[in-house]
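Residue numbers (this note's numbering), protein chains in the order written: chain H, 12 to 431; chain W, 12 to 431.
Hints in this document: simulated from the structure, not taken from any laboratory.
Among the hints, erroneous ones may be present.
Which copy is meant is left open, so a pair is good if it fits within one copy or across any two.
Pairs of lysine-lysine, DSBU-like flavour, derived with a Cα cap of 30 Å [claimed, not checked]: (1) 392 x 155; (2) 284 x 38; (3) 177 x 392; (4) 200 x 284; (5) 177 x 200; (6) 38 x 155; (7) 392 x 351; (8) 392 x 102; (9) 297 x 177; (10) 200 x 351; (11) 155 x 384; (12) 221 x 200; (13) 155 x 177; (14) 177 x 384.
Number of protein chains: 2
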Amino acid sequence: MAVIVMKFGGTSVADLDRIRNVARHVKREVDAGNQVAVVVSAMAGTTNQLVEWVNQASPDYDPREYDAVVASGEQITSGLLAIVLQSMGVKARSWQGWQMPIETNDNHGAARVSSIDGTLMRERIAGGQAAIVTGFQGIEPTRKRIATLGRGGSDTSAVAIAVALKADICDIYTDVDGVYTTDPRIVAKAQRLSKISYEEMLEMASLGSKVLSTRSVELAMVYGIRLRVLSSFADHETTPPTNIDNLEDIGTIVCDEDDIVEQQVVSGIAYAKDEAKVTLRNIADKPGVAASIFGPLADANVNVDMIVQNLSGDGRLTDMTFTVMASELERALSVLDGAKAEIGAFEISSSADVVKVSVIGVGMRSHAGVASKMFQALAEKSINILAITTSEIKISVLIDADYAELAIRTLHSLFGLDAE
Amino acid sequence: MAVIVMKFGGTSVADLDRIRNVARHVKREVDAGNQVAVVVSAMAGTTNQLVEWVNQASPDYDPREYDAVVASGEQITSGLLAIVLQSMGVKARSWQGWQMPIETNDNHGAARVSSIDGTLMRERIAGGQAAIVTGFQGIEPTRKRIATLGRGGSDTSAVAIAVALKADICDIYTDVDGVYTTDPRIVAKAQRLSKISYEEMLEMASLGSKVLSTRSVELAMVYGIRLRVLSSFADHETTPPTNIDNLEDIGTIVCDEDDIVEQQVVSGIAYAKDEAKVTLRNIADKPGVAASIFGPLADANVNVDMIVQNLSGDGRLTDMTFTVMASELERALSVLDGAKAEIGAFEISSSADVVKVSVIGVGMRSHAGVASKMFQALAEKSINILAITTSEIKISVLIDADYAELAIRTLHSLFGLDAE
C-alpha cells in the first residue's frame, strides 16, 4: 500500500464534469488500497477573474488582501471534489492550507512553504479518507493570514505535502500526457520522455517549459520525491509506485539521474519568448562601467539574464547587450535613463522580438562538443546568435523570434530526438 | 467616539463600483473618528452560484463541505473592500470568521454563534484600522471546520460582532431606506418607521418582512444592541449614535420599547406567501386524533404553523385545517398518506394559493378590540378568513392569495398607517 499525492490543475477541474473525472482518478487509487492526498487548483478562469477584481479594486493592492481574495478559488474546488467523492462512496474531506496547517513565510503573493504538520492528515488517510487539499496556499503563522505561493504554486503545494506525508510518489495530472523532448505544437516528431532527471527538468522549467513549476521540481529534488506528469483526460490503470520500472508506461517520471539507465546526451529543447534584449552602444570601456549599468538594475529588482560585451570599432568604446524579462523592459529602460550620468554617454536600443532556445541534457557533462555542433547547425541555417549562456547541463542561445521554429526543429533533429 | 458595526448585504457589494460606494460610507464614519467594524455579504449572485455547484456535485452533500465552498463568497468581498479602503487612505484589513475567531456550534449550514473573541479586533479598531469581516460564517472549534449561519446569516454576524465589540450601534445597510409600515410595492402610502421595538421587528421578520433576519433581531434584543436599517444607496451625514434622538432622521432604529415615545396600536402589516394550507375532512372527532396527525409531521421535521378544527355536519366527524411551509407541502402530504391507518379514513385537500397577513404592534397589549375591528373590516370587503393565530402583539389571518393586496391595503388604512 502506497502513499500517493495527486495534483490536478485548473483545466482538469474546470467544471463539474471534469471534477467528476478527477474523482474517478482518485477513486481508482483509493479502491486499490492506496492512501491518497489530492491537491487541487482553482477552476480554470477563476483565479484570473479574482486577480482582475483585485486589480480593479486597486492596482497598488495590499498583497495580504490579494491572498485572501485569490485563495478562495481552490477552496471552492476542494469542497466540490470532496462532495463528488462522497457521492461515489469514497470517504473524503477538504483541507484548507490553514487547517493542515501549511505554514509559509510572509512574502505574500509569492510565499515559500516553511513547514507542514502532516500528523493529522497522515492519520486520516491511513484510515481510508482521501484528503482534498487547496493548492497554492498556506498560512503565515505570525499574523495568521492566508498566504499564496504564486502562479504554479499548486505544484509546489503538492510536492511539499508529499514531503510531509512521506509519499511514495507525487502524480501531477495535467492536460498533456507527459514531458516532451520539445513542444509538440512546434515539432510534430517530439517524443514523450518516459523519465527525466530532476536537474534536467529544473532547467526545462526555468528555460520555458510550462509543464511543472521550477520551485516544485527543486523541492522534489531536495527531498527525493518522485514526480510523475500524466494526463487527467486519459484513463489508465493504477500502478504501484513502489517499483519505478512499473511506472514507465504512462506519463513522465521525474527522478534521480541514477534511476535513468539509458541517458541521452541531449534530453530536450526548451524555448522562452518572454525575454527582451537591450543593447547599449558606445559606452566607455573602463573598469566599473558594468557595475554602473547592472547595479541600478539590481537595485530596481530587474533580473538580468544573458550578458554579452563586444568591443566596438573604437578601442576605448564598447557595446553591451543583455536580456531582461519582457514584462520588465519598460522599467529597465527607465532605470538606465536615470543612470545615464554614471554610465556615461551611450545609444540604447531594445527589442522584445527575441527567443531563447536551450538544449538540455545531463549527458553534456561527459560529452564535449555539444556547443560547437549546435552553433554550426544554426550557422548552416543562417540563424544569427545574439547571446549565449551555458551551464554544465544546458546551452542557451538568444535568436531573432522569426527563426525560433526553424532553430528548434533543426536542433531537435540534430540531437537525435525525432520520433521514428 | 463611538464603536460602530456596519453591515452591507449582497446587492450593496454586487460589483466594484458598489464596493467603492460602500467604502465611502465606511470612510465617512472612520473620518468622523468612530471605531468601525464592517460586515460584508458575498457579491449578489455569488452565493447562488456556489450553492448551485454544490447541488450539482451532489444534492445529498456533506454540510461541512457545503460550508467550505459557500463561505468563499464573503472572503472575496472582504478582501476587495479592504483593498479599496486602503486605496482611499483608510487603514483596513479583512478578517475571516476563523481568524477572529467567531466560534459556532456544529450545525453546519445553519450554525449558531457560540462565542466571539473580540479582543484583537477591539485593539485594531481602537488604533484606527477598519475591520472588514466576512459575514455569514464562523469556525466550529472542535474540528476547526468553517461553519455558515444560513441565509440572512450576515445580519446575525453583524449583531454578534457588535456584542463582542460592545458597539454603540449596528447599522444594517440594505437596498431600502428603512423598515416600512408595510411593503411599499403593495401600498403606495406605506411609511418609513423611524423607530420600531425589538418585539415588533421580530414579529415582522418571522411573519414575512425580509429586511432583517429573525435571528439577528433576537440577538440584538437579548444583548440590547441598537440596530438601524438604512440604505447603502443614499448619501447621508455621520450621526453620533450615542444619543438615540440623533438617529431618527435616517433609516429605522430597532430599539427597546421604552425608547419609543409615541407608540401606535399597530406599527406594521406583514405578509407571507410561502405557506400552504392542508385540510383533512371527515376525520373521527375523538381524543388522540390530533396527535395521530401532528405527531408524524413533527417526527418528519415538518413545521406546522396555524391550526383550525371545525365541527363537520355529522357530530362524530370533524375537519382539520393547518398550514405548513409551501416548500414542505409535498413532504407533509406523503407523511399523512403514510399515517392514514392511525388517523382513520379522511379526505385530503391542499392549496398553496394562500397568504398570511399579520398586523403587528406592541400597543395591542393595552388596546382591546383590534382583532374584532380587523375581522369586521375584512368581512366588509368579503374576504374569507381561513385560519387565525394571535399572540400578545400580533394577529395573523390566512386568506386566499387573490385577496392579499386588498386585505393589506384595507388594514393599512384601517389602523391609520397611510401617509398623508
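Structure-based check of all given hints:
When the C-alpha separation of residue 392 and residue 155 is checked against a cutoff of 30 Å, the pair qualifies neither within a copy, at 57 Å, nor between copies, at 64 Å. Taking the shortest alpha-carbon separations for residue 284 and residue 38, neither the intra-copy value of 39 Å nor the inter-copy value of 45 Å comes in at or below 30 Å. Within a single copy, residue 177 and residue 392 get their C-alpha atoms no closer than 50 Å, and across copies no closer than 78 Å, so neither meets the 30 Å cut-off. Taking CA atoms no more than 30 Å apart as the test, residue 200 paired with residue 284 passes inside one copy only; the shortest distance there is 21 Å, against 68 Å between copies.
In this homomeric assembly, residue 177 and residue 200 never come within 30 Å of each other (Cα to Cα): the closest approach is 37 Å inside a single copy and 71 Å across copies. In this assembly of identical chains, residue 38 and residue 155 lie within 30 Å of each other by CA distance solely across copies; the values are 26 Å between and 34 Å within a copy. Proximity of residue 392 to residue 351 under the C-alpha cut-off of 30 Å is found in neither arrangement, the shortest distances being 38 Å within a copy and 91 Å between copies. Taking CA atoms no more than 30 Å apart as the test, residue 392 paired with residue 102 passes in neither setting, with 59 Å inside one copy and 61 Å between copies.
For the identical chains of this complex, residue 297 and residue 177 are neighbours neither inside a copy (55 Å) nor across copies (70 Å), given an alpha-carbon limit of 30 Å. When the C-alpha separation of residue 200 and residue 351 is checked against a cutoff of 30 Å, the pair qualifies neither within a copy, at 49 Å, nor between copies, at 74 Å. In the homo-oligomer, the alpha carbons of residue 155 and residue 384 never lie at most 30 Å apart, since the shortest distance is 55 Å inside one protomer and 61 Å across protomers. Taking the shortest Cα distances, residue 221 and residue 200 sit within 30 Å of each other inside one copy (19 Å), while across copies they are farther apart (65 Å).
For the homomeric pair residue 155 and residue 177, the shortest alpha-carbon distances inside one copy (26 Å) and between copies (24 Å) are both at most 30 Å. With identical chains, the CA atoms of residue 177 and residue 384 are never at most 30 Å apart, being 43 Å at best within one copy and 77 Å at best between copies.
Hints 1, 2, 3, 5, 7, 8, 9, 10, 11 and 14, counting from the list given before, are not met by this structure.
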